[in-house]
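Read top to bottom, the protein sequences are chains D and Z.
Sequential numbering from 1 applies to the first sequence in my numbering.
Sequential numbering from 1001 applies to the second sequence in my numbering.
Calculated from the structure, these hints are not laboratory results.
Keep in mind the model is a prediction, meaning the values are calculated, not measured.
Hints are supplied without guarantee of correctness; some may be wrong.
Claimed, not checked - Per the computed footprint, the stretches of chain D lying under chain Z, defined by three or more beta-carbons under 8 Å from a beta-carbon of chain Z, are:
1) 6–12
2) 16–23
3) 66–72
4) 143–156
Said to hold, decoys possible - To be clear about the criterion: a stretch of chain Z counts as covered by chain D if any three or more of its residues have a C-beta under 8 Å from a C-beta of chain D, and this derived list gives those stretches:
5) 1051–1063
6) 1123–1132
Stated by the list, open to error - A short list of chain Z residues far from chain D (calculated; beta carbon distances all over 10 Å):
7) 1027
8) 1066
9) 1097
Every residue gets a Cβ at the ideal spot worked out from N, C-alpha and C, and that includes glycine.
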Amino acid sequence: MMYRLTFILFLSFLMAALLQFLPVSDLLTIWVPQWVALVIVYWALVLDARFKLLLPCFVGLCLDVMNGSILGQHALALLWLSFIVLKNVKQFRRAGRIQQMLEIGLLILAYQFVLAAIQGIIGEQIVNWTYFVTSLSSAIIWPWVSIILGDGCKRFLKLKEE
Amino acid sequence: MLFRHATGLWLRVFCLSIIMIGLMVADHHYRYVNNVRKVLSVALIPLQYTLDAPVEVINWLKVSAAAQHRLATENLQLKQQLLLMQVSLQQLINMQQENGQLRALLKSSSRINGQFQEAKALAMNLEGPSAEVVLNKGSRGGVLIGQVVIDVSGVMGQIIDLTPFTSRLMLISDPRSGVPVEDDRSRFQAIVVGAGTNRPLSLIHAAETADVKVGDLLITSGLGARYPEGYPVGRVLRITKMQGEPFMSIEVEPSALLEQSRRVLIVSHYRDDDSEKMLYKTATKPMIKGPAL
């Protein structure tokens, strides 16, 4: 069970990273959702108490290395993102699809705000409005993420969702 | 369990946040954690090559799907181009010799004696304001930190990070990048800094009286001994004079196709003196604040 969980966690993040860094045309770049953040949110929702906070930290560090950003930037943002989700798991699960999408949009916006704030402190930030576009596309893609991951996991782990 | 879940969560998040902030401070100010970065980046190499695969496949499909006669015409054109190039190269070799002799007479150091190494940019969609590209050659391929990268039309940037099989190229459009340049027409010298991905570069510290015109070609001046002399950096796109400001704001369009170039050249050795080797040794702290010259 534990091995299977680790395996599927690894697989889901690998897929998310591939999707996030996949080269696309310039027009589409700003529309690429924050796949990795979405997958973190999903696992925080599903695993709840069993969710290890070291996971977002580690994934975040990998993102930092890939992006060439300062070590800890994405890790901190992902950590806080999963914290917010873990604090509100019950409300989140009860929410309808539309409401969930709205909340995801706000979460991703907050996530990007943390990233931008850290960059601002370092002094490299260039303000732009693409954060809203990314949040929007992330919110739109969320139901599919949760359905695909949910389906795959249930089959693979035979998880009981309460 | 020491803590119950509800109270423990706050504490754990708090502790991890402190650790992460500490990590950021260590990374930004002291570069203590380079080893962490190195280990992780080596682990992530397969991912970077995997990401490049679909683009390669598409390119391969394009070539293999292209009609035979189109390839034949392209081949013919390329051969003609090659012929022209070779003819002009003959002249160039002659001129280079002459130039070397003249410079020897003037007792100045010989310039550009370029050895190039071909590399490929791995296609990847990176976020954030920093403009970086990952190349498919690393320390195993003989790449050094601080080496300059060019493409067919101009300067692209410099190598700032290495793994055994990949290297990270900071483009000249990166806000951290600075290139010493001179105006090809008036020999006016200044520095070109980046302003972020897909934005024009800017020529800084040009006084109102400086002799710079729209359309001027800017080439590397060789000052600072990082960028070799005489490579095109960009053309002046727009000049704005601001009231009360001591300097003009000058936008520069890069010559190199910064974001699109897939095939690039790493300049290996461009000078015979030891200053260059010294430079590469001291260049291990690439992410300094302000323009890196």
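Now the hints, each set against the structure:
no.	hint	result
1	6–12	violated (count 0)
2	16–23	holds (count 6)
3	66–72	holds (count 7)
4	143–156	violated (count 0)
5	1051–1063	holds (count 3)
6	1123–1132	holds (count 9)
7	1027	violated (4 Å)
8	1066	holds (21 Å)
9	1097	holds (42 Å)
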